[in-house]
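Colleague: Chains as they are written, first to last, in the numbering used here: chain D, 36 to 90; chain X, 147 to 588.
Hints may contain errors.
[As the list claims (entries may be wrong)] Straight-line alpha carbon distances no greater than 25 angstroms define the calculated PhoX-like cross-link-like pairs of lysine-lysine that follow: (1) Lys431(X) - Lys82(D); (2) Lys175(X) - Lys185(X); (3) Lys217(X) - Lys409(X); (4) Lys431(X) - Lys194(X); (5) Lys431(X) - Lys48(D); (6) Lys69(D) - Lys309(X); (7) Lys166(X) - Lys69(D); (8) Lys175(X) - Lys431(X); (9) Lys194(X) - Lys82(D).
Because the hints were derived from the structure by calculation, they are not lab data.
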Amino acid sequence: MEYDLRAMDREIKLIEESVRRLRELGGGIEVVEKNADSILAFTYLLKRNISDVLE
Amino acid sequence: MELTEKNRRYWNPIIETLPKERLQQIELKRFRELLRWAKESSPFYKRKLRGIEPEDIQTMEDVAKVPMTEKDELRAAQEGKEPYLYGDLLAVPLEKLSVFHQTSGTTGRPVYFPDTYESWQWVVEVWCYILYGAGFRPQDRLFLPFAYNVYIAFWQGHYAAEKLGCEVVPGGALDTQGRIQKAKEVRATALMNTPTYGLHLAEVAKEMGIDPRRDLEIRKMICAGEPMPEPTRLRMEELWGADVYDHIGGTEVGGWGGMCTEKKGRHVIEPHYLLEMVDLETMSKPVPPGTKGVTVITPLCRRCIPLIRFNLKDVMLVMEKPCPCGRTSIRVDEIEGRVDDLRKIRGVFFTPAVVEEVIRSQFPEVTEFETILTQEGVMPVLTLRVEFDPSIGESQWKELRGRIRERLKIRSNLTFEIDVVKPGGLPRYTLKSARFKDLRKR
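With the hints as constraints, model all of the structure from the sequences given.
Modeller: Right, dumping it as structure tokens:
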């Protein structure tokens with residue numbers, strides 16, 4: 036495989052963790068919560084498109 | 147890291163060139179995860195999947211242990227059930243929903259399909275594979291000559307094109323002439339429409355003195371909303387002077403396959419979908435590539451309303467040879483018809499798709515047509531109503547009628563009555579066309 040999938044997967048997980056932390060820090064503020072949820076929808080796609088390929 | 151020329155062809159070179167075996171492994175793993183999710187979260191599947199455990203599914207053959215899901219079951223699971231509209235199918239809390247769509251209701255009461263923000267993004271993502279595979283790029287100015295309404299196809303296409311970086315021009319609140327003017331004004335380079343409407347647009351453009359090949363800049367077109375036989379696709383290419391691509395999808399499952407720039411079959415968007423082909427007679431035995439079967443599909447990552455082994459009732463076949471484009475996914479040929487439309491007439495199996503194939507490939511004089519099946523005594527009667535291009539004089543009608551009758555007889559083994567209708571006399575469709583009407587009493 037010509038791409039470093041493990042490194043990509045690590046970064047995806049880091050983004051996800053970071054967004055989840057941000058969501059908690061927001062304490063229910065709509066602007067944080069909804070934008071964080073939007074980002075999580077895209078990390079979900081990155082996981083389906085990249086991370087799932089890892090054995 | 148620099149993107150190679152080869153990988154530039156793919157939306158996702160990592161997945162689109164994976165060995166088949168690896169694709170299947172991912173699909174099986176996702177299938178088990180979906181089963182688990184559905185059993186936990188969907189009241190409908192909690193009942194339907196009783197006694198089936200995700201761990202029972204270890205091979206592709208095991209998938210057939212899970213019962214298929216039929217459209218009628220979806221209707222029954224929604225009708226009169228709470229929460230209102232979605233009933234037992236919904237697998238997430240109502241407040242998580244952000245998008246609403248419904249089926250067209252052509253075959254019965256519509257089924258309602260919502261999405262969460264996340265599941266909608268997945269639906270859009272699979273369309274990105276379709277559009278990118280068909281050569282759509284950020285340089286394209288894409289015109290959508292439709293009011294999208296509550297139907298999913300053009301919403302998916304719109305959002306996917308936007309995500310790809312195309313410039314999207316919606317043309318909903320205009321009539322057909324206004325849409326042609328707008329496409330000309332903005333110098334649209336790409337178009338997304340139903341095959342039927344693509345033909346109609348070209349017809350109206352000509353009436354306006356606009357030659358789509360010469361006066362418009364549309365060089366790429368993707369079709370949605372209804373099946374497109376190869377002769378229809380070629381006719382569209384001829385009329386528009388554009389590369390025309392087909393895609394396959396539906397409200398229940400999203401867009402699950404599309405043509406690449408080779409234009410030979412439609413690639414299934416694996417491993418986002420699991421495709422099965424089952425035998426036409428038994429509706430259970432798997433059929434090998436190259437043999438016609440009924441399509442059964444599972445969208446593997448849409449969790450809002452999970453669907454497992456959904457029977458699409460479309461008849462098609464899996465192509466045997468690998469595609470020169472390098473994608474390793476399964477390819478399917480065009481939809482040959484729907485199981486529901488198959489009729490046995492005078493001992494012969496008839497599907498209305500053969501009429502479209504003959505008309506579009508051999509009779510450019512025909513602008514519109516419909517097939518009517520009636521009964522006279524014990525005899526079923528097939529009538530083809532045709533509308534000729536206004537440039538065809540009445541003196542030519544007799545010869546044309548005879549030739550159409552003869553070609554249809556050769557192709558279908560059935561005799562047709564041919565009625566000529568005055569120009570504009572047959573209905574025009576924008577979304578799903580209904581060119582076959584069985585008017586016999588059941």
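Colleague: For which of the previously enumerated hints does the structure constitute a violation, in increasing order of number?
Modeller: 1, 3, 5, 7, 9
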